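Since the structure of chain A is already known, use the hints to place chain B on it.
As you go down the protein sequences, you meet chains A and B in turn.
Everything in the first sequence is counted per our numbering, starting at 1 for the first residue and increasing by one.
Everything in the second sequence is counted per our numbering, starting at 1 for the first residue and increasing by one.
In short, the hints are calculated from the structure, not lab data.
These numbers come from a predicted model, not from an experiment.
Do not take every clue at face value.
Mimicking DSS-like on lysine-lysine, the simulated pairs with C-alpha atoms at most 25 Å apart in a straight line are [as the list claims (entries may be wrong)]: (1) Lys45(B) with Lys9(A); (2) Lys45(B) with Lys2(B); (3) Lys9(A) with Lys42(B); (4) Lys79(B) with Lys42(B); (5) Lys42(B) with Lys108(B); (6) Lys2(B) with Lys92(B); (7) Lys45(B) with Lys98(B); (8) Lys42(B) with Lys98(B); (9) Lys44(A) with Lys9(A); (10) Lys92(B) with Lys57(A); (11) Lys44(A) with Lys98(B); (12) Lys44(A) with Lys92(B); (13) Lys57(A) with Lys98(B); (14) Lys44(A) with Lys2(B); (15) Lys108(B) with Lys79(B); (16) Lys44(A) with Lys14(A); (17) Lys57(A) with Lys44(A); (18) Lys57(A) with Lys45(B); (19) Lys44(A) with Lys45(B); (20) Lys45(B) with Lys92(B); (21) Lys45(B) with Lys108(B); (22) Lys98(B) with Lys2(B); (23) Lys2(B) with Lys57(A); (24) Lys79(B) with Lys45(B); (25) Lys44(A) with Lys42(B); (26) Lys9(A) with Lys57(A).
A short, non-exhaustive set of chain B residues, derived as facing chain A with CB atoms under 7 Å [said to hold, decoys possible]: (27) Glu43; (28) Pro44; (29) Leu46; (30) Tyr97; (31) Lys98; (32) Phe101; (33) Gly102; (34) Thr103; (35) Gly104.
Label-pair restraints from in silico Cβ distances [stated by the list, open to error]: (36) Ser18(A) with Ser53(B): 44 to 52 Å; (37) Arg66(B) with Gly63(A): 30 to 38 Å; (38) Gly58(B) with Asn28(A): 28 to 36 Å; (39) Gln95(A) with Ser53(B): 19 to 27 Å; (40) Met27(A) with Ser53(B): 24 to 32 Å.
C-beta: ideal position from N, C-alpha, C; glycine also.
Listed below, chain by chain, are the residues.
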Amino acid sequence: NAGVTQTPKFRILKIGQSMTLQCTQDMNHNYMYWYRQDPGMGLKLIYYSVGAGITDKGEVPNGYNVSRSTTEDFPLRLELAAPSQTSVYFCASSQQGANTEAFFGQGTRLTVV
Amino acid sequence: RKEVEQDPGPFNVPEGATVAFNCTYSNSASQSFFWYRQDCRKEPKLLMSVYSSGNEDGRFTAQLNRASQYISLLIRDSKLSDSATYLCVVNKNPGTYKYIFGTGTRLKVLA
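So that you can see chain A by itself, here it is in the shape it has in the complex (with noise of 0.2 Å):
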């Protein structure tokens, strides 16, 4: 199983440019999520969905939107980067149930110039 998977793993953005950051996982969770992790910081929630079709914001969605197409891919797309979204992304999935262990991608690290 490859687990989570996210792409690109570097990007570097224009302010004002437009991207997506690709996440699958092949472990049929319902739940994924997306954080970003500033420098020395904990990792705060943009996004989560609990199945397809389903999506609700988290702690700091501004600037950010989601789809849920598929139980495997959560998209992330940025809309007219800014330099205060320079950061490193985590897309995550978890199964059902609140104990579960939430699996984690690899990140993505974008800055914004």
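Structure of chain B alone, referenced to chain A:
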């Protein structure tokens, strides 16, 4: 007050030492608690869940104190390989999956 607070450290300890970290949370209705480990520039990985009765996994012991709203992680006989950042994670709203991460406590085990 932050929803989940941790001492950022670093905690520098010699090999073989016992070290403990605490994490406080603000929402008394929180139901799920975890410790994750994050190595430098890597993704977080689950170390252990924290159960009401406390739980142990080898050299690691996790405790939950609901009255004082904190969880703890105890590492015995520290190894060089334990050097990492330990993230406290709390599900603040029962029935949702909005996991809140602390900023992490950095541990360095010295030879």
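Those earlier numbered hints the structure runs against, lowest number first | Of the numbered hints given earlier, the structure breaks none, since each of them holds.
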